[in-house]
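Trainee: As a plain string of letters, each chain reads:
2 protein chains.
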Amino acid sequence: MTSEPIELHAVGNVRSPYKEKGDAPRQGRFSDTISEIVVDERYRPALYQIEGQKHLWVLCWFDRADRAVLRAIPPGTVSEKGVFAIRSPDRPNPVSLCLVDLLEVKDSVLKVRGLDAFDGTPVIDIKVYSAEIDGVRQG
Amino acid sequence: MTSEPIELHAVGNVRSPYKEKGDAPRQGRFSDTISEIVVDERYRPALYQIEGQKHLWVLCWFDRADRAVLRAIPPGTVSEKGVFAIRSPDRPNPVSLCLVDLLEVKDSVLKVRGLDAFDGTPVIDIKVYSAEIDGVRQG
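Residue numbers (my numbering), protein chains in the order written: chain Y, 17 to 155; chain S, 17 to 155.
If we strip away everything but chain Y, and leave its shape as in the complex, we get (with noise of 0.2 Å):
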């Protein structure tokens, strides 16, 4: 049933000035702190057009993550949880999503703010923001 293994290559990689655990917040969102994402030469043309866009997706591998963690207590709270049902950078495939600004492209770097992501971090995959696909509906 289960598949052979998936290999992903980096995309590019993650400026921050976020070096160690205790430097990243809790979620990027929450805070106001600015990151480059610089993409490899050979990406480049997959950011085509992306000046157009306000707020991106950013997928990146939590190479720093603890894959064996299934069950966590989310911090503030006092009860765990499957790490399916929370946000923990722990679980099996450490793919972290974070919802960005963007702020300024520059050749193949992009300017973002709001990325909980430490400096040297590999991206994998950068995706536009849809209010209409990426929101919960009404009713």
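What the hints contain is simulated information worked out from the structure, not anything from laboratory work. There's no promise every hint is true.
Which copy? The list can't say, so a pair holds if one copy fits it or any two copies do.
To be verified - Only pairs whose alpha carbons sit at most 20 Å apart, straight line, appear in this in silico EDC-like list of lysine to aspartate or glutamate:
no.: 1; residue 1: 70; residue 2: 96
no.: 2; residue 1: 70; residue 2: 52
no.: 3; residue 1: 70; residue 2: 148
None of the values given here were measured: they were computed from a predicted structure.
With the hints as your guide, set chain S onto chain Y.
Mentor: Same frame as chain Y, now just chain S:
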């Protein structure tokens, strides 16, 4: 600068009425189709307490996508954009991002509404949706 290959393992698979191209909607969000996520037994502890959640992000590995595509013309438009500026399934690391409504949890099977994935698609991560983290800030 770019790091070594990253290895992921599917945590489950999609059971869906979409068997081939043409079956799936452009974005699952626009349909009311019911799918199931069959989580591998070894990851079942990661579902603990998930039944209390209404909305989940499901990250899939779109194994039928074309990873060489860097620019594309989004459906309903006429101008080409880089794949990081759109939501095309074709991209260097075809990790899909889909917001679903959680309808039911039975053992290690989640019944969900709104998933745009073919039958058998590997699921790589599940995260709870948070209006606070995942919404665009006003102002």
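Trainee: How do residue 70 and residue 148 come out at 20 Å by Cα distance, when the copy is not named: within, between, both, or neither?
Mentor: both (15 Å within a copy, 18 Å between copies)
Trainee: When Cα atoms must be at most 20 Å apart, do residue 70 and residue 52 count as within-copy, between-copy, both, or neither?
Mentor: Answer is within; shortest intra-copy Cα gap is 15 Å, inter-copy 33 Å.
Trainee: Checking residue 70 and residue 96: alpha-carbon separation at most 20 Å within a copy, between copies, both or neither?
Mentor: between (36 Å within a copy, 18 Å between copies)
The structure shown violates none of the earlier numbered hints.
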